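Colleague: Line order of the protein sequences matches chains A and B. In terms of the working numbering, the first sequence opens at residue 12 and continues consecutively. In terms of the working numbering, the second sequence opens at residue 87 and continues consecutively.
In short, the hints are calculated from the structure, not lab data. Only a predicted model underlies this, so the values are computations on that prediction, with no experimental measurement involved. Be aware that a few hints might be false.
[Claimed, not checked] List of simulated lysine to aspartate or glutamate pairs, DMTMM-like, C-alpha gap at most 25 angstroms:
no.: 1; chain 1: B; residue 1: Lys318; chain 2: A; residue 2: Glu87
no.: 2; chain 1: B; residue 1: Lys342; chain 2: B; residue 2: Asp378
no.: 3; chain 1: B; residue 1: Lys318; chain 2: A; residue 2: Glu73
no.: 4; chain 1: B; residue 1: Lys468; chain 2: A; residue 2: Glu87
no.: 5; chain 1: A; residue 1: Lys82; chain 2: B; residue 2: Glu167
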Amino acid sequence: MDQETVSTICYLARLEIDKNKSKKIIQDLETIIELIGSLQTIDTSSIDPLYSPLEMTALTHEDIENSDNKKEKFLENAALSNEDYFLVPRVVE
Amino acid sequence: MTIQFKSITELRAMLDTKSISASELTQESLQLAQKYKELNCFVTMNEELGAKNANSIDLENKTTSMLSGIPLAQKDLFCTEGLRTTCSSKILSNFIPPYTATAVKKLEDAGSITIGKTNMDEFAMGSSNETSFFGNVHNPWKKGYVPGGSSGGSASAVSAGIVPAATGTDTGGSIRQPAAHCGITGLKPTYGRVSRWGMIAFASSLDQAGPLARTAEDCAILLNEMSGHDSKDTTSLNSSVPDFLENINQPLDGLKIGIIKEFNLSDLDPEVQARFEDSKKTYEKLGAHFVDVSLPNISASVPTYYSIAPAECSSNLSRFDGVRFGYRAEDTDDLNDLYIKSRSEGFGDEVKRRVLIGTYALSAGYYDAYYKKAQQVRRLIKNDFDHAFQSVDVLMTPTSPNTAFKFGSKGAQNPVELYLEDLFTISSNLAGLPAISIPHGQVNSLPVGLQLIGNFLREDQLLNASHIFQQNSDFHLAQPNLEDF
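Isolated chain A (complex conformation):
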């Protein structure tokens, strides 16, 4: 796995790798990719993927307003919020 690939994956995952650990982490990733790469030897040419053991259409329920909207409680868990919104660093100047 080259450095460019690692940088791309890290960016996609919004993660930074600790410089002191990067060599070990890349080595671990390569070992795991080698493990999962072993599946290539299995013939799956006519096999449909099984994304869920249930293979059923996700159940739905009617969109009815209920009392689960606990805005204040949800906002309480944010590091920074006002009475209506979660606050983040300014995005638009």
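Knowing the structure of chain A, use the given hints to seat chain B on it.
Modeller: Quick look at chain B alone, frame taken from chain A:
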């Protein structure tokens, strides 16, 4: 009278005969948790609300269910309203959920008392409980040894007799493997049997909640309450739930148990193998007979799992961004920097490793080669199980290839070494099947577990076969010597 090491049925009898009150029972359980604090089973205790709820049960003065007044511990992956829920991660170390997970709510509605939240591998990613932000959990059988994972705190708390039972979750063996290492019974139900609503998701198509307890009978009591359809979980099965307790005393005459040929048990520690052979003989005496079955693709379970589970986790864990809940990094330049720093400072190494692998497996150019390929192999594995269950009732394997090991002795150099611990447990998650681990002896003074895998929705058969085994053996009655703690 001590309540330590008592089963739910024993505690039920004590409560019913008024030899103890629910409040006294809860206090004793909390005191045991304090006494054995060094085990590090718990992340957060629930003293105040636990005592209040127990008092309400005493005041009601009527038994509404088997669990009325029984203290339980909940894995710290289940959201509990008003009670900190961390998933043993720094990124959720200050998270107070505004709601309670359905599985926990059902247990509490049945009158059980939550005494605390148990330690675990961070986000359930691990097989040794060594990835927790809150430190390692000790195995009650040997200080400095792992309890297994990821439900290590729950297994350790039950094994040490602090609580008679606890909840766990199992994505690749996270109930069964710690149950095996700690000498207790643990059941992973069929995918969809127990609601996942309010569980902090790791790998959504594999995660399933279930009980850890001292006996199969107690697992049946918990499963009776935890199971059932939940409209809040779109993958919750709308199937009838049998009375699992009522069905555990059926004779085993004619039970067909499959032995999976592809698991070469002669490669195992001879003592682990010997315990397995002993248990086969026990089942034969009980009227069961054994059939060799072939599951040609089962050896691919570990690589299949380590493609699918990280892919799903990389998606699920994208919600932890420092904005709406959880840890937020300070001194960030902009929104993107806030995401990156909060996640990088908030997640531990194993979580990062899996998120990166999953991101890689799902990224452009690799999706078909890794993620889709693994889901195709997953179908082959499920087909193998379907075929096997045409000729047998249950399948039997050791739960884990080894006993509990010393802290730091596995996976530090090569993470795959630790992943292979899940060799026997992972396949039932991929296929969505129920499976149970029961204690069946010791090797070098450490417990080993026996796994039974059942057909879809046949937890009743697993609980029955396990209960009858426990009625004819005493491995489940063994207790650890806790004098080092």
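Colleague: Each hint: holds or not?
Modeller: Hint by hint, here is what the structure shows:
1. Of the pairs offered as hints, the one joining B:Lys318 and A:Glu87 holds, with about 23 angstroms between alpha carbons and a cut-off of 25 angstroms not exceeded.
2. Of the supplied pair hints, the one linking B:Lys342 and B:Asp378 holds, its CA atoms being roughly 10 angstroms apart against a limit of 25 angstroms.
3. Between B:Lys318 and A:Glu73 the alpha-carbon distance is near 11 angstroms, which keeps this suggested pair within the 25 angstroms criterion.
4. A C-alpha spacing of about 44 angstroms is found between B:Lys468 and A:Glu87, which places the hinted pair above 25 angstroms, so the restraint is violated.
5. Of the supplied pair hints, the one linking A:Lys82 and B:Glu167 holds, its CA atoms being roughly 14 angstroms apart against a limit of 25 angstroms.
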